[in-house]
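Number of protein chains: 2
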Amino acid sequence: MKRTKQSMNREELESRILRSAEFVFAEKGYSGSSMEAIAATANISKQNLIYYFPNKELLYQRVLKEMLDIWIEKLSFLEAQGDTPEAVIRRYVREKMQLSRLYPNGSKVFAHEIISGAPVLKEYLISHLKPQFDRDVVLVKSWINKGLIEEIDPEHLFFTIWAATQTYADFSVQMEVLLGKSRLEEADFERAELAVTDFVVRALGAKKNN
Amino acid sequence: MKRTKQSMNREELESRILRSAEFVFAEKGYSGSSMEAIAATANISKQNLIYYFPNKELLYQRVLKEMLDIWIEKLSFLEAQGDTPEAVIRRYVREKMQLSRLYPNGSKVFAHEIISGAPVLKEYLISHLKPQFDRDVVLVKSWINKGLIEEIDPEHLFFTIWAATQTYADFSVQMEVLLGKSRLEEADFERAELAVTDFVVRALGAKKNN
DNA sequence: CAACAACTTGTCTTTCCGGTCAGCAATAAG
DNA sequence: CTTATTGCTGACCGGAAAGACAAGTTGTTG
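Residue numbers (the working numbering), protein chains in the order written: chain A, 1 to 210; chain B, 1 to 210.
Treat the hints with caution; some may be incorrect.
Chain copies aren't distinguished; within one or between two, either way the pair holds.
What the hints assert, rightly or not - Using 20 Å as the maximum straight-line C-alpha spacing, the simulated DMTMM-like pairs for lysine to aspartate or glutamate come out as follows: (1) LYS46 x ASP134; (2) LYS141 x ASP188; (3) LYS56 x GLU27; (4) LYS146 x ASP83; (5) LYS181 x ASP134.
Calculated from the structure, these hints are not laboratory results.
Construct all of the structure, not just a fragment, from the sequences and the given hints.
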């Protein structure tokens, strides 16, 4: 893999395009985003954009895939089997929250996609997300069986955690309005993380002993 | 107000159009929905649709407004001041959950709109939602001051409740995949309602005494 | 520096879609 | 029965946007 001036530019430009596409898709949805607009955001011509990503569908898929790969990588319950449930949960919620903070646009694109019925992602969800989900549910059930946490519905526990964390990316505008701010700041995310974590931990009634 | 055959047909057709529009907007977003597609869903011609709703923007606003009016009507914390916090919270979560069950499409349209930065709804949120939100926050704070519930962040409590309930409308496809079902059934919503309510109530540590 | 590959842009075609308009059909009112 | 109002349709227009194509430019390598 040569690292010529060109190939470096290429990589840099590609990722600039992807960031721009993410931004535009997040705001306008798939159909509402024109290649023209994405190109303009990335400061290149439409034709040049098409040179790098020959069509819109492909660009969209790349944006989604990038986001999902990050999520799948960061969000595995299982890695931390030695820890206490409380520690695992806290870390999980914190990770998920940071993803909302760091990749709000990717999260929004994902949300648009799922709400629309996941026409592009459905297969991927079945093949990649479900297996991990099933494993994680089993783990939580084992916690319950060992009496480490309250009897709680494991599936819906995950749904709630995902919703409660993801909302800080997807519905940020609503929160800004309600909190009377022009944008969510670092401090808001910290309060949110604390609130959600405590919320979940308290709901689980996690015991400190292993 | 005469109730001629025509005017009755008109009303019936209008609401059929609104339901169809809701359905299409939910799936495709604003830009992705064509008047043609909405008309086809309602089994009328495009020109006839335009006869009833002279342009797309207006139709979209009507759909959103219908949904919001229902929400605002059903979701006031304050009405029930006599009850215990636990009772108020339980009722609130149940109401919100039923709205997700009964109006999944409206909910999805709303979600698309907020994720996209609320270009249409922002003013409405400021003028209608924020005042109610502020009042509800005050109420929760008073509960805390009276020692009726644990010290919890009131704003983020609402964000979490909204997210956790709304997700059963917006992200239903993801859940279907993960639960291995072709669609969410009555029983799923009942389990969900129970799970979410218990979460929240337990997290609040609401005391039974008034 | 010559030849080749990588990159960039301007022009053009095609398709789709929101909306207009003129007229036809059905119903209500006098 | 006649006229006016309301409901509905087919033909059409203008603009936007995806993508093809060809031509030109810049960088790379022997």
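To see whether the hints hold, each was checked on the structure:
no.	hint	result
1	LYS46 x ASP134	neither (43 Å within a copy, 46 Å between copies)
2	LYS141 x ASP188	between (33 Å within a copy, 18 Å between copies)
3	LYS56 x GLU27	both (16 Å within a copy, 19 Å between copies)
4	LYS146 x ASP83	within (14 Å within a copy, 37 Å between copies)
5	LYS181 x ASP134	between (39 Å within a copy, 14 Å between copies)
When each numbered hint is compared with the structure, a violation occurs for hint 1 only.
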